[in-house]
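Number of protein chains: 2
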Amino acid sequence: MKKTVAIDMDNVIADIETNWINLYEQEFGVRVDKKDLLGKPEDFAFPDPDKARSLLYKPGFFRNAPLMAGAVEALKEIQKDFEIYIVSAAMEFPNSLLEKHDWLAEHFPFISWKNIIFCGDKSVISTDFLIDDHLKNLDFHKGMPILFTAGHNINVNKHTRVNNWTEAVALLKENIEVV
Amino acid sequence: MKKTVAIDMDNVIADIETNWINLYEQEFGVRVDKKDLLGKPEDFAFPDPDKARSLLYKPGFFRNAPLMAGAVEALKEIQKDFEIYIVSAAMEFPNSLLEKHDWLAEHFPFISWKNIIFCGDKSVISTDFLIDDHLKNLDFHKGMPILFTAGHNINVNKHTRVNNWTEAVALLKENIEVV
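So the sequences go chain by chain: A and B. Heads up, the first sequence is in full-length UniProt numbering, so the first residue is 1 and it goes up one at a time. Heads up, the second sequence is in full-length UniProt numbering, so the first residue is 1 and it goes up one at a time.
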């Protein structure tokens with residue numbers, strides 16, 4: 001049986017950071033530099049956190065997010081040796097549910113609906129690996145937690161870190177074992 | 001820490017069977033008797049399975065489903081001693097995602113969004129108990145699987161069976177242990 005890998009969406013396969021910066025500029029006329037987001041909680045990196053947060057509820061926010069570099073190729077490669085589950089804490093934003101489903105269907109048609117999970121708390125998701133950018137998810141994972149670098153987590157010193165999809169694929173390949 | 005209970009939606013807290021019979025009659029003019037559904041796969045219990053299945057894709061099918069008898073009171077009671085997760089294989093019907101979220105918000109406002117999971121395959125959901133009407137979910141559960149009686153599963157002889165919410169509450173209460 002293949003080992004299982006849970007993979008987060010936002011800032012892991014979907015480039016929410018870039019999307020958020022672009023939409024903030026479009027709506028409120030202020031361009032935030034990616035460097036200014038480093039080491040801060042995501043919404044607090046914007047001049048007006050409430051305005052920034054309001055963008056998450058706008059139709060299209062998740063549907064139109066760009067891909068993280070190399071994500072599609074990486075997941076195709078990982079799928080050869082692992083069972084992939086996409087696990088997103090989408091339930092906080094109910095309007096994102098269908099948008100996230102449709103986004104996955106467009107960009108990752110090789111991932112079955114059976115392997116998609118939209119949840120809140122990820123603590124009851126039991127897989128061999130979890131690739132995520134948030135400690136709130138990684139800290140409670142029963143398998144091997146893998147921290148995917150995002151602006152907000154650059155100062156975190158917990159868990160094995162990967163900076164991009166090339167590193168993530170390499171790390172998983174080191175851990176292939178048929179159980 | 002409280003033990004965790006995963007609870008399915010369709011035919012467990014939402015009365016999909018009754019809803020389906022009513023809508024089939026409304027759309028196609030044929031009233032199916034509940035007795036005729038006994039021991040058969042759900043869609044094949046209708047005169048025209050394809051037509052029956054088409055109803056699942058109609059807007060409002062899940063949003064307007066009635067409650068299973070005693071479900072609200074039972075979950076309030078269970079929540080005193082257990083951490084409840086609602087786990088629905090909603091991903092097969094993407095248009096049901098928001099409908100199911102809204103249905104839960106209306107009927108079970110005491111269940112947090114953090115405790116709702118919409119998925120496909122439930123095998124990576126790890127809880128101490130799973131209450132479900134389908135073997136495809138129960139057979140792969142790592143905790144204690146509990147079969148909730150539905151028309152289609154009356155001839156199944158696997159797992160501990162509960163026939164209604166009164167029995168489900170009693171069974172869980174016998175298994176309270178603070179771990």
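These aren't lab readings, by the way, just hints derived from the structure by calculation. Among the hints, a few may not be true.
You can't tell identical chains apart in this list, so a pair holds if it fits in one copy or across any two.
Once the Cα atoms are required to be at most 35 Å apart in a straight line, the calculated DSBU-like pairs of lysine-lysine come out as [claimed, not checked]: (1) Lys114 x Lys142; (2) Lys34 x Lys158; (3) Lys51 x Lys3; (4) Lys2 x Lys34; (5) Lys80 x Lys51; (6) Lys142 x Lys2; (7) Lys173 x Lys58; (8) Lys173 x Lys51; (9) Lys51 x Lys2.
As the structure is a prediction and not an experimental result, all values here were calculated from the model.
These are the hints, each one checked on the structure:
1. Lys114 x Lys142: Classified as both: same-chain Cα gap 21 Å, cross-chain 18 Å, threshold 35 Å.
2. Lys34 x Lys158: So Lys34 and Lys158 pass the 35 Å test inside one copy only (23 Å; across, 56 Å).
3. Lys51 x Lys3: neither (41 Å within a copy, 39 Å between copies)
4. Lys2 x Lys34: neither (38 Å within a copy, 42 Å between copies)
5. Lys80 x Lys51: neither (42 Å within a copy, 38 Å between copies)
6. Lys142 x Lys2: both (17 Å within a copy, 17 Å between copies)
7. Lys173 x Lys58: neither (38 Å within a copy, 43 Å between copies)
8. Lys173 x Lys51: neither (42 Å within a copy, 46 Å between copies)
9. Lys51 x Lys2: neither (44 Å within a copy, 38 Å between copies)
Consistency with the previously given hints fails for numbers 3, 4, 5, 7, 8 and 9, ordered from lowest to highest.
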